[in-house]
Amino acid sequence: MKVLFINNLGGGYADHLHVQDGITVEQLFKQQLPGCKAEDYLIRVNRQPSARDQALQEGDRVSITPLKIDGAGA
Amino acid sequence: MKDPRYRVACLIHEHLLAAQNRRRGDQVRTANSIADELQRFQRAQRLASLAYIHNFQGALRRLDQQMDHLLLDVKYHVESASRLFAHESRTVLTAHELLDELDQIDAEFEARPVRQYQAPHFRAFRGRDNFRGRGLGWRFEAEERTLSVWTEPIELEGLYLGTFEIKLFLAEIGLTARRLPFRCIALDPHSPAGNEHITHPHVSDDYLCTGEADAALNASLGVGRLADFFLMVRQILRTYNPESPYVAIEHWEAELCPDCGYAMCEDEQYFCEQCERYYCDSCMSGCNCCQSSFCRGCLHQCEFCDESVCKECMLSCAKCGIACCQSCLDDDLCPNCKEEQEQQDGDDEDNPNEGEERNTSKEQPQAA
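Just so you know, the protein sequences line up as chains A and B, in that order. Heads up, the first sequence is in my numbering, so the first residue is 211 and it goes up one at a time. Heads up, the second sequence is in my numbering, so the first residue is 925 and it goes up one at a time.
There is no bait here: all hints are sound.
Per the computed footprint, the stretches of chain B lying under chain A, defined by three or more beta-carbons under 8 Å from a beta-carbon of chain A, are:
(1) 1019-1029
(2) 1128-1134
(3) 1142-1149
(4) 1163-1169
By construction, these hints were calculated from the structure, which means they are not laboratory data. The beta-carbon is built from N, C-alpha and C at its ideal position, and this holds for glycine as well.
Just chain A, same shape as in the assembly (with noise of 0.2 Å):
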């Protein structure tokens, strides 16, 4: 199936991505980003908050932004 992640980390970009059938919210996070936890970031389906283990529908839209970005100055 097919669900598009939109990832704000780095370049931000958003892209359709092919799935297996039932893969989770969780699952999903530790495939496209590996070594990262799941809770140092906004994860959000269909605009909405979501339970680690929310299995993802064909067309999901996924969103995930980091809890800590940093800013800059002098």
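Based on the hints, put chain B in the right spot on chain A.
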């Protein structure tokens, strides 16, 4: 169609399309520049070949330089074009999708702070074309063409900074690549001492330095993922990067040096006993006579030795009254008066009667 939120979504959509068109114009211009520069490069290359055949060394050097510059220009424009074309591969969200974005913003962001309703800053938004989200999580101002959201009161490492309004200027989207078209306005500013332009370690004059999020913010704004855009800005405001703040948190409450304005930590402050204020190390100096520490403003310069001395050590000459440091005073006389006196004493020793005569002549008018 009557839903005011949908009208807002349509207006945002129009601005995003306009920005996309501007980018297309930039693409054409950049592509033309690359083509022109490549033509000029080819011409220079042909001339360089001729110069080589005829052994025109001066012309060859000049043409080599010209080709170097042209290659740099081509490189610059190719890089710009790659950025512009990368943007273009994405499609701008539709008005319906933008409506979803607005609803997400409504859910993600705080309602406008109630305390601010009465503030003069907010009175301006009651125009007939201004709309706000159902949960009051956003506000659209028709005249300014801005979309605003509000953060919760922000606190970084125990430092209270208050609520920020994140205001996106829709008409400025895509106008310049240098600065993203939004401001972070502190509604209850808690600036560091003596620097009211800074309202957050990463905000100066309402501009947030977006640091590592620049590309992601540009990408989200380019297509209209407004919820992602505002969420990222909020997360930057919630994060403290000690590597490069405008003003470090440890210096926020610091006292400012009254002389140079440097924000001093507690262990960087030096007390001037004369004016009873604290100064930084660079603005403190010592009295050359008593060796005590004073601020520069409380030290005086001796006219004779040019050294800095404190008020206590700066005395007056008993004869002419000129200010003079303790070290330069001799028998309560400044060096000039002392020299004069010594000269006079020398003359008196050479001709003792002259002194008496002079004394007598001085007394005569009194007697008369």
